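> Assemble the complex: chain A is given as a structure, and chain B must be docked to it using the hints.
Read top to bottom, the protein sequences are chains A and B.
Just so we're aligned: 298 in UniProt numbering is position 298 of the first sequence, and the numbers increase by one with no gaps anywhere.
Just so we're aligned: 329 in UniProt numbering is position 329 of the second sequence, and the numbers increase by one with no gaps anywhere.
Be a bit skeptical, because a hint or two may be false.
Identical chains share a label here; the pair holds if one copy fits it or two copies do between them.
List time: in silico SDA-like cross-link candidates among lysine to any residue, alpha-carbon distance up to 20 Å [claimed, not checked]:
id: 1; residue 1: Lys231; residue 2: Glu311
id: 2; residue 1: Lys76; residue 2: Glu378
id: 3; residue 1: Lys184; residue 2: Gly351
id: 4; residue 1: Lys76; residue 2: Glu372
id: 5; residue 1: Lys76; residue 2: Asp385
id: 6; residue 1: Lys250; residue 2: Glu378
It is worth saying that the hints were derived from the structure and are not from the lab.
Treat the numbers as computed from the prediction; the structure is a model and nothing was measured.
Protein chains: 2
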Amino acid sequence: MASAAEVLASALRAVGVDPGSVDLEALSTRRSVRVSRFEDVVYVGFRRQFRGVPEGTLVAFRRGEQIVVWGYPSIKRMLLPRVAVPRWFPGPTVLVEEKMNGYNVRVFTLGGMVYAATRGGLICPYTTRRLRRLYGGALQKILEDLGAEGSFIAGEVVGLENPYTRYYYEEAPGFGYFIFDIFKGGRQLPPRVKFSLAPEYGLKTVNLLAEIPATASGVERLYTIVEDLEKRGREGVIVKDPEGRVEPLKYTTSRTNIGDIRLGMRYPFEEGRSFLFPRILREIFREWETGRRRYGELGEAILAPAIEAVEAVSRGGRLVEEFELVFANEVEAEEVIAYFASLGVHLEIAGVARGVDGVRVAFRKPRKSEGEIARILETGISPLD
Amino acid sequence: MASAAEVLASALRAVGVDPGSVDLEALSTRRSVRVSRFEDVVYVGFRRQFRGVPEGTLVAFRRGEQIVVWGYPSIKRMLLPRVAVPRWFPGPTVLVEEKMNGYNVRVFTLGGMVYAATRGGLICPYTTRRLRRLYGGALQKILEDLGAEGSFIAGEVVGLENPYTRYYYEEAPGFGYFIFDIFKGGRQLPPRVKFSLAPEYGLKTVNLLAEIPATASGVERLYTIVEDLEKRGREGVIVKDPEGRVEPLKYTTSRTNIGDIRLGMRYPFEEGRSFLFPRILREIFREWETGRRRYGELGEAILAPAIEAVEAVSRGGRLVEEFELVFANEVEAEEVIAYFASLGVHLEIAGVARGVDGVRVAFRKPRKSEGEIARILETGISPLD
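Isolated chain A, as found in the complex (with noise of 0.2 Å):
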């Protein structure tokens, strides 16, 4: 059994930094490296990015065998597509994928198992064991036939049946999982080769929405697209170089920003605050530039679910995320009760099902913001100036 200053050093090692030149004892007790353990996988998760190692990059541990898995890097956001569409890409066209609501996964294999990663450089139980009773097979074929040591795949997953972000999407309800990237050794596929990769293994990807020439004319057509997804209630695009000779840009639409802040002021200490600043400067470009004035909307996102928490609150109510996870049977259920305990996060069981698909379990997860409001209702005195 290694200690966790030596898989510290095993870790750093495999992503290129001298473990001579870190505190590996005081670095273990830190918590932006965290060494963990899923199952008899143990692996380093760099929580913040750390002497050049991007933040979210994992490196796995099993009888001898290892991957680095690297962090997935944030994507840049568009203002004005018109402007960036044609400064920031080489030509001639350039590939609008859709962007999905959900969070983002990247599935490795190990030892002939299939794991997934959140965002942050954790193994999650709980996508793990749905991604491998979905999509099992066809993962671990696709990742063994990619074959150079490195390789993973990264996408969304979307759908009401899981702990961290729950939007509704016709083709997955429930879970869905759909690839938007797939890094062979560490090196991403070019982002066409991807779309016609993966349906050869059965998996989905995003949807490829439109090949739109690199220049203003042809950007009009990307408004067109982003219109279209406003309608249909969707989240926004994503725009590449087919190539993948520089970083893809992001472009959410209009009820994307103001539906953020709207859900978000349920919890107004929590994501509210952070969800404001950034929301409101997408849309202060988007209505200069379309001439709209949407104030009442902003306004009303702002306030309205801000005060149904604050009224809730005051009559006893709670402030609590509801959602139900789909398992196989209790064991995995309580293996991520104790998962999310370990981060900080303690779920509350509301009730539990046997269904068709497995025991579907009902969770509460308290919010922080209701104590916030339950003490200003007492008080009456503000914890901001």
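Coordinates of chain B only, in the frame set by chain A:
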């Protein structure tokens, strides 16, 4: 000539910190505790809280004399006066003073001269000179009569002629000083006392609006007062125990909260950003309490000024604050420009005119948001996620 480290050591002793326990050389190179000079005063400003010394505390030395001017404490904010007033104050009554929208200035005397310190613990040359010309004799006299070492006066400078916060007040359109606290030997006189003491010296206090019972029903009167201030476009109230047995509490009008957002969003990357959440929080509780739902007003205050700023920059316009200051002569004007430059703020002179009250200089203060917006207009890409 004492070294910066020697001055620091004396200042630390004066506020009860053992200088032997502090690395003086290191401290003197940081900006959190700063040694400065104004005329023949050398002083140490505690720009941040340090070892229990409150933020904004200032220790000034002049020819063997010294004074400690303690930092002015930040006043807790009520969100629900009906709850806060009866719970917070011992009663039976509270004083309701007007809160004015300007900047907090502590006035002290050293070696027969009057000095004005801003909230951050710096002597402001502009404020000092104007206060000396307007009320120098009276301030000198009251501070001499208070006598005990470490006496100082705290008040609000309001009006349009200052470099900090500009709101029109009919009783002081250009520059006025309204006292809200008198400290004798570092200890605050009972709030009630200042209202009789200041006028004896020809000095103005903030308005005493009412004395009300510290009960839920007494607070109804407070709501009426705030409604009246709301109509008159004034900022709000400070509620104080008449004997000063507990800290005061503040409450501002909705017009001020929304107006702050509107003004701040002209500089979306600066005040706009920091103003948003605290002010929205105030509105959430006010609207919950009153049943009003002014969504459009909030949305407009957030978006309209920012869209205007984008429009202005897109046409090659500037984002600058413009204001006029009044000086006795050109030397004073240069001194103020040098003072702001030492704080990293570079004022541009837009014009100079000679008036009956002295030299009037029009300034422009360039804003960081201009560059941020220009960059977005050029690249189309967001500096935020």
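> Any hints this thing doesn't respect? Which numbers, in order?
Failing hints, ascending: 1 and 3.
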